Amino acid sequence: MPYYRIHKTEYIDETKRVSFKYDGKTYFGYEGDTLASALLANGVHLVGRSFKYHRPRGIVSCGAEEPNAICQIGSKKDLTEPNVRATELELYEGLEASSQNCWPNVKFDIGGINNFISPLIPAGFYYKTFMWPKSFWKKVYEPLIRLSAGLGKSPTEPDPDIYDHKHVHYDVLVIGGGISGIISAKMAAKNNLKTLLVDDKKILGGSTIYQNNESIKIDDKLSSEWLKNEIQEIKKLSNLTIKTRTSIAAYHGYNFLLAKENLTDHLPEEKKKNKIRQRLWKIRAKKVVIATGSIERPLVFNNNDRPGILLSNSINKYLDYYGVTCGENIILFTNNDSAYETSISLHKKGIKNLIVDLRKSASSELIKEAQSLGIKIYFNHVVTNTFGYRKINSLEIMKLSEDGNTTVGNIIKLSCDCLGMSGGWTPMVHMHTQSGGKLNFRDDDQVFLPKENSEDQISVGSCNGDFDLENIIDKTVNKINKFLDIDNQDYQDTNIICSKENDKRNIWLLPNKVPLGKTKCFIDFQNDSTAKDIKLALKEGFRSIEHVKRYTTTGMATDQGKLSNMHALGIIADTAGVKMGTLGTTTFRPPFTPLTFGTLVGRNVGKFFEVVRKTSMHEWHVENKAEFENVGQWKRPWYYAKNGENMHDAVQRESKAARDSAGILDASTLGKIDIQGTDASEFLNRVYTNAWSKLAIGKCRYGLMLNEDGMVYDDGVTTRISENHYLMTTTTGGAANVLSKLEDYLQTEWPELDVYLTSVTDHYSTASICGPNSKKILNKLFPNLDLSDENFPHMSFKEDNLENINCRIMRISFTGELSYEINIESKYGHSLWKMCIEAGKEFNLTPYGTETMHLLRAEKGFIIVGQDTDGTMTPSDLQMDWIVSKKKYDFIGKRSLYRSDTIREDRKQLVGLLTDDPKEILEEGAQIVSDIKSKPIDMLGHVTSSYFSPNLNKSIALAVVRSGKTMKGQKLIIPMENKNINVTVSDPIFLDKENKRINA
Amino acid sequence: MFLINCPFCGERDQSEFSSGGEAHIVRPKQPTELSDDEWAEYLFMRKNIKGIQFERWNHTHGCRKWFNVVRDTSNDKILSVYKMGEKPPVNYK
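Chains as they are written, first to last, in this note's numbering: chain L, 1 to 1000; chain D, 1 to 93.
Hint data in this document are derived by calculation from the structure and do not stem from the laboratory.
Quick caveat, the model's predicted, so the values are computed rather than measured.
Just so it is clear, CB atoms sit at the ideal spot from N, CA and C, and this is done for glycine as well.
There may be inaccurate statements among the hints.
If you want a taste of the chain D side facing chain L, the calculated C-beta under 8 Å gives, among others [stated by the list, open to error]:
| # | residue |
| --- | --- |
| 1 | Arg27 |
| 2 | Leu34 |
| 3 | Trp39 |
| 4 | Leu43 |
| 5 | Lys65 |
| 6 | Trp66 |
| 7 | Gly85 |
All chains should be modelled from the sequences, with the hints used to inform the complete structure.
What follows is the structure, encoded as structure tokens:
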């Protein structure tokens, strides 16, 4: 195989040979190569198959815009990565890459048959074809489409790599390290502004760094030499940070940007180990300079997608930067001057080449130079076809008519092994538009440009539509001086000589003798959409660019249409006969190039994925075989599996023990809010539905909190500790929101109230002991405390010491049993728990979890906010009218309780359900109906809580049912997948309606 | 991602704040005197304008204070920030 590396460059280290595998075959490249340049040096152009027609495709570009050379890296199940652009991947020893979307291999691909049946699969083929017969979708079409969908293969095991996040603040961020970015960064940093310069490549310098054309000079030096000096200088600036291999992924509002820094992707595997792979930079910059440059446009002609057809400027970079020629007999097809630079470079290196130029003539310095070198130029000609299956071997050109709409004269056949195309340049306005900037259209050279630059961001260089060097430098310097409000004179006397382009001619869809229907003029290489597809979409009535894009999938591949969007727009404008500028563009969305999930999540994986809150007693629960349930961020014991019990058996045992003797629950997670101030009572009056003013010191009261819309929001017991001091408890999950809501009212509606709120959830641990023997256990723990009903009745509060440590004890109950809650400073929580367990041993004190708690309270008909309510339940819906004060003038939500909707009789209301078969346990969430014959079936409500009660020896359930309050005793049906369950509506209180047990 | 100038703490990242919807909707002092429609006006009706909007924000992961923000919803620019109880800046009306 011929070796295409034809000369040395300073960017390729020929002393460091690197071996790599591509599609199983071993090749060699050098340090400094990308995978693409190394493949081209080995003469490999064919790197993949196209998505739809499976046509052979080759490397097209040398950067982020690459549509074809995307490959699968590695083969390990945890480390393999799909859709990596070979043009960006730096070569390293041992790299293994393979082509995608082909089977059995890239040279012979079965899917290639699609190319021959392509007339049968036009744009919208999927939408049109797989509509009928309807029954085919699930069994035939969908599995088939899924088989052929997607490009690479995802890793199937967790990513072992380490990723990182970093937050930074800068005065100025410069995006892009080309000539305009370097000048901008230097000006900013020299003016004492803390500056960050990022560039996605390994080295700075953009396309100027390998520029060696004698007709482009700065201060009498080659522009590349001049720029190298500048780079040396900026590296010395202390307040300038330079980050290479770093690409901006997203530009959000307020100059908040995300950048991805590649740290190890260019290293051999053994050097990657234990290092951070990629870092996500979260950048806040006071000002942003966008210097992202521009991307060369392809041209749209028949069979413009063969391997060996590249962008002209990429041929230049492969030659002058990597020392690699893309062919030995190259044709350049252009509509502008830049291909002439490529041509002259090739000529200097002795590579035979000629130029086909759309323009009738051109007269710049560059063209004169090419002519004087004797390079053959076909002006006013167009490429009409290309040949060669796995690589281009020849092409046909024809003369253009005067108006450029048709071809005239005879076909000229030319042989070649490479074709460079240049359709002009597209400024990279992605960052500008992501930041919210609008675009203008410049008719001259048909480019979208940043419309206005704000105080916070500016575009300079070719992304701002300034293409020749003199323009770039002069305008950049002027704009930056103004933008940063500085007066930098460094470039005052810089002398720039460059060729000026005088002649322009752009034709989006090039004419051909053959009708369009018989050609394949590709616009989007990766998604295989052609000019024909665009025209078909227009013929079928699509007008909006956003619709045409989605119908034809143009610009929707992994490259996001960096090469294709402009041509699609141009062809739509030409076909519809409208001005291109009026069409607008599709939306540029982040990320600019794909990001790995690893970069996005950073260190927040595994046990750092989410914050976990544990109570002081947690270790005891773990030691005693608790299964845990997540309640918000809390880990709460769900049930304790004793001797290998399953959940059902454990819950039955725990529930029985709690009612027969004693049970203990870790209630530390309940929200606790300390309320103090002279207006504390008044405040509680306003936030709860019931009255608080008359609550005696040392007493507890249950409260229901509503939203202003009258719906139940939270509940809990509040204790009056002293005259102006209360302790409120909230639901575990609602604690943070309740505190926020209360603070909101205090700060905004009632700032006159003297009330202070402090969250003390984490400050106290709570052990709740219930059951007929709980008093005896309490007596052992607190022998000096008078536990008599007279001294310490239900709903009251006492303080006592446990080994000199203060405890707050409330006699309150969520289970319906005699019950005490002991609160102690959290650091003593674990000891308290162990002492309770020890004291309770003789009474079979049984630790129980949330499931048993739920069961016990359901037996008693106590609601759980968030389980039996869902933000649409009023107190009356819950049959809790007793807790709504009639006397109070106002409280949060009061007015809503008699809105026309909340007083409807047929609202869903809380009821109990008993199954006809007492062993049948209902499913929570199951729908409830009365008539299963009528269609559609009238849904009356659903089951909210359901358990088998060991104490009642039957199944019980709570449910919300339309007009449920009036339905007691009625039969209803719960239709399940395989049976209908008959139930009877009951009172929601199943056990001890008289409250005998609480007061036992 | 906004930068919000908390009147108590200074400029902070949006992730420290939570939005509380439209500002200057005063809870009626005598709700019981209101008709269903008047109460519904307070309870449900919000402007949600494209353009200059007065909003409530809370520095949730900071000082936990509520304050008001004038924001142009068409470009997300925050034009002014002021404390609860202070009069809204008149030049944005």
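We went through each hint and held it up to the structure:
1. Arg27: holds, 5 Å
2. Leu34: holds, 7 Å
3. Trp39: holds, 5 Å
4. Leu43: Holds. Min distance 6 Å.
5. Lys65: holds, 7 Å
6. Trp66: This hint holds: Trp66 (chain D) lies near chain L, its Cβ roughly 5 Å from the closest one there, short of 8 Å.
7. Gly85: holds, 6 Å
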